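Read off the chains here:
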Amino acid sequence: MELKDIRELIRFIDKSEIKEFEYETENGERVYISKKDDTPVFAAAPATAYAQAPAAPAAPAAAPASAVESKETGLTGNQVEIKTPIVGTFYEAPSPGAEPFIKEGDTVKKGQTLCIVEAMKIMNEIEAEFDCKIVRKIGQNAKPVEYGEVIFIAEPV
Amino acid sequence: MFDEKLYREFLATENFGRNILVFDETDSTTARLLDSETPYYTVASAESQTAGRGRSGRRWVSESGVNLYFSVNLPPMKIEDLLAFNIAIGFAVCDVLREYADVNLKWPNDIMAGGKKLGGILFETAISGSVMDKVILGIGINVNMTEFPPEINEIAASLKTETGRTFSREEILARLMNGFESFSDLFFKGRINIVEEWKKYSASLDKKIALHKNGVKTVFTEKGITPSGFLIAEDERGVKTEIVTGDIGYDFSG
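Protein chains in written order, with the working numbering: chain A, 1 to 157; chain B, 1 to 254.
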């Protein structure tokens with residue numbers, strides 16, 4: 001999807017009654033637009049189920065939306081999605097050419113840095129909210145991510 | 001060497017910079033504050049930095065004892081506030097430096113003098129879920145540097161190259177802390193209108209700017225910023241675009 005298409009879409013949704021919109025193409029491109037906050041493109045993420053209950057791996061399943069999401073993203077067992085709380089550019093390493101913060105299969109501790117999302121030169125280190133194993137890395141290095149986009153799939157440990 | 005006693009003679013704050021850590025050499029003062037637990041408003045200053053970071057990991061050229069490289073541990077704020085504060089803090093830096101030289105801002109917050117870069121501001125945060133754990137404000141200012149490496153000689157400036165004078169780094173750092181304290185108070189009381197203020201500080205308002213995207217350079221006219229701090233760029237046909245980040249480079253060379 002081209003940037004102009006997304007802008008067109010945003011304009012359309014902005015004028016409509018739609019509060020939240022999600023669209024996924026066959027090749028896995030995913031667009032998520034939410035009007036639930038005053039700041040359309042750089043909003044704080046709503047507290048997620050697992051943010052409130054980091055110690056309880058079963059918590060995400062209790063969230064109303066996650067049953068649907070599981071079907072879409074192919075989550076299995078107690079896997080959870082880690083989403084970016086901000087729009088920006090995804091960086092897997094602290095500087096170009098450096099080792100990535102984490103690799104698929106790594107087990108990380110709560111508070112450990114998973115990636116950087118840069119917006120307007122602000123470097124945001126996204127930390128693990130709970131001890132977990134990184135099952136999949138969805139975010140791609142130096143590529144833009146939208147607010148609420150899934151950047152990792154993890155399994156609480 | 002940084003004279004802490006002299007610094008304290010100029011410091012007139014309650015919080016900002018009261019607690020100071022001085023490093024002879026460190027990888028990055030921001031990294032030192034991110035990796036440790038220090039009281040809020042602690043400032044970490046280094047005589048030189050070995051891994052000072054600029055946007056996209058670009059190295060900030062660092063010579064010992066002539067410039068200011070410092071970071072401040074700020075209390076967490078809302079993500080939306082940080083976007084505007086990222087712009088607004090540039091006003092506070094300019095207010096202090098304008099006592100010495102004619103400086104202005106290149107979006108979002110590069111400190112410019114005579115079209116050359118004199119300093120930079122780089123926030124780093126740590127976010128867990130939707131909660132901001134840490135907010136570190138990092139600033140580099142070329143103060144008394146006169147010899148720049150050839151690759152940046154044409155695009156870099158210092159207070160000394162602009163004025164011919166040598167400055168006390170301790171005094172400037174203390175004055176910045178004084179300025180930040182009163183300014184951030186105004187900012188968080190909602191008294192700073194960044195859209196209006198930007199017009200007083202922008203180096204390129206209503207001027208031609210070049211934006212680089214995927215290696216293609218496009219010329220726009222700068223038309224100010226939005227309340228969120230995004231840049232408003234107008235193309236030749238008068239169509240306005242808001243620049244946030246991502247694949248649109250904002251190396252202004254026009």
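Worth double-checking, as some hints may not be accurate.
[To be verified] 30 Å max Cα-Cα, derived DSSO-like pairs, lysine-lysine:
| hint | chain 1 | residue 1 | chain 2 | residue 2 |
| --- | --- | --- | --- | --- |
| 1 | B | Lys199 | B | Lys78 |
| 2 | A | Lys110 | B | Lys78 |
| 3 | B | Lys207 | A | Lys121 |
| 4 | B | Lys189 | A | Lys103 |
| 5 | A | Lys121 | B | Lys189 |
| 6 | A | Lys121 | B | Lys208 |
| 7 | A | Lys121 | B | Lys200 |
| 8 | B | Lys208 | A | Lys110 |
For the record, the hints were derived by calculation from the structure and aren't laboratory data. As the structure is a computational prediction, the values presented were derived from the model and not from experiment.
Taking the hints in turn, this is what the structure says about them:
About 25 Å separates the Cα atoms of Lys199/B and Lys78/B, which keeps this hinted pair within 30 Å; it holds. Between Lys110/A and Lys78/B, the direct Cα distance comes to roughly 21 Å. Compliance with the 30 Å bound is thereby established for this hinted pair. With a C-alpha separation of about 22 Å, the suggested pairing of Lys207/B with Lys121/A holds against the 30 Å cut-off. About 43 Å separates the Cα atoms of Lys189/B and Lys103/A, which puts this hinted pair outside 30 Å; it is violated.
As the CA atoms of Lys121/A and Lys189/B are separated by approximately 24 Å, the hinted pair is consistent with the 30 Å bound. Note on Lys121/A and Lys208/B: the hinted pairing holds, with a Cα-Cα distance of about 21 Å set against a maximum of 30 Å. Annotation: proposed proximity of Lys121/A to Lys200/B holds, straight-line Cα distance about 21 Å (limit 30 Å). For the proposed pair Lys208/B and Lys110/A, the alpha carbon gap of about 47 Å is over 30 Å, so the pair is violated.
Hints 4 and 8 from the earlier list are contradicted by this structure; the remaining hints agree with it.
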